[in-house]
Amino acid sequence: MSKSNLVPSDGYQELLEGLKDRIRSSQMRAAIAVNQELILLYWQIGQEILIRQEQQGWGAKVITQLSKDLAQEFSEMKGFSTRNLKYMRTFANAYPDLEIGQQAVAQIPWGHNCVLLDKVQEPSERLWYARKCLEHGWSRAVLTAQIESGLYLQKRGTATTNFDRTLPQSQSD
Numbered sequence: 039m040s041k042s043n044l045v046p047s048d049g050y051q052e053l054l055e056g057l058k059d060r061i062r063s064s065q066m067r068a069a070i071a072v073n074q075e076l077i078l079l080y081w082q083i084g085q086e087i088l089i090r091q092e093q094q095g096w097g098a099k100v101i102t103q104l105s106k107d108l109a110q111e112f113s114e115m116k117g118f119s120t121r122n123l124k125y126m127r128t129f130a131n132a133y134p135d136l137e138i139g140q141q142a143v144a145q146i147p148w149g150h151n152c153v154l155l156d157k158v159q160e161p162s163e164r165l166w167y168a169r170k171c172l173e174h175g176w177s178r179a180v181l182t183a184q185i186e187s188g189l190y191l192q193k194r195g196t197a198t199t200n201f202d203r204t205l206p207q208s209q210s211d
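If you count by our numbering, then the sequence shown holds residues 39 to 211, one letter each, in order.
Any given hint could turn out to be false.
[As the list claims (entries may be wrong)] BS3-like mimics (lysine-lysine), calculated; alpha carbons at most 25 angstroms apart, straight line:
{"hint": "1", "residue 1": "K99", "residue 2": "K116"}
{"hint": "2", "residue 1": "K124", "residue 2": "K106"}
{"hint": "3", "residue 1": "K157", "residue 2": "K124"}
{"hint": "4", "residue 1": "K116", "residue 2": "K106"}
{"hint": "5", "residue 1": "K193", "residue 2": "K170"}
{"hint": "6", "residue 1": "K116", "residue 2": "K157"}
{"hint": "7", "residue 1": "K193", "residue 2": "K157"}
{"hint": "8", "residue 1": "K99", "residue 2": "K124"}
{"hint": "9", "residue 1": "K170", "residue 2": "K157"}
Please keep in mind that the hints were generated in silico from the structure rather than gathered at the bench. Since we're looking at a predicted model, the values are computed, not measured.
Let the hints inform the model, and build the full structure from the sequences given.
See the structure below:
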């Protein structure tokens, strides 16, 4: 028996395409939800580190030990390196309000947030880039390129240019 005899022709292809779209959409929503939970967890870990360092005077060695202990306990998980724990602390410090769940930074991947923390000092500029990541689906490499090209300043009309020095006077205005 051929496949065409087993599958009804009336509306089957529409059903199949509709189900595939729903499955892909559901997978995407699940991935976004997992990412948001991970970002919130990282924020909470960062907050705990900040609080303990402030209240109890913990130094960087505690972060190194914490990294070893967490990596040992959760060997199946990545993300507990000393470097990443320091990013978590920096992340929590950069976004002190628990309202992070509603912010764009909670919706972009962790690696994107690390790029923003490394390359952008101004909080409003970081949020602007995070929103643009969501809006345009930027990869980490594209985000880095946009930051390094000064897109934020260009969109604000405050980018430094050399137009007045390189264009003829009548065109530089």
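Here is what the structure says about each hint:
no.: 1; hint: K99 with K116; verdict: 20 angstroms, holds
no.: 2; hint: K124 with K106; verdict: 13 angstroms, holds
no.: 3; hint: K157 with K124; verdict: 16 angstroms, holds
no.: 4; hint: K116 with K106; verdict: 12 angstroms, holds
no.: 5; hint: K193 with K170; verdict: 12 angstroms, holds
no.: 6; hint: K116 with K157; verdict: 23 angstroms, holds
no.: 7; hint: K193 with K157; verdict: 18 angstroms, holds
no.: 8; hint: K99 with K124; verdict: 11 angstroms, holds
no.: 9; hint: K170 with K157; verdict: 15 angstroms, holds
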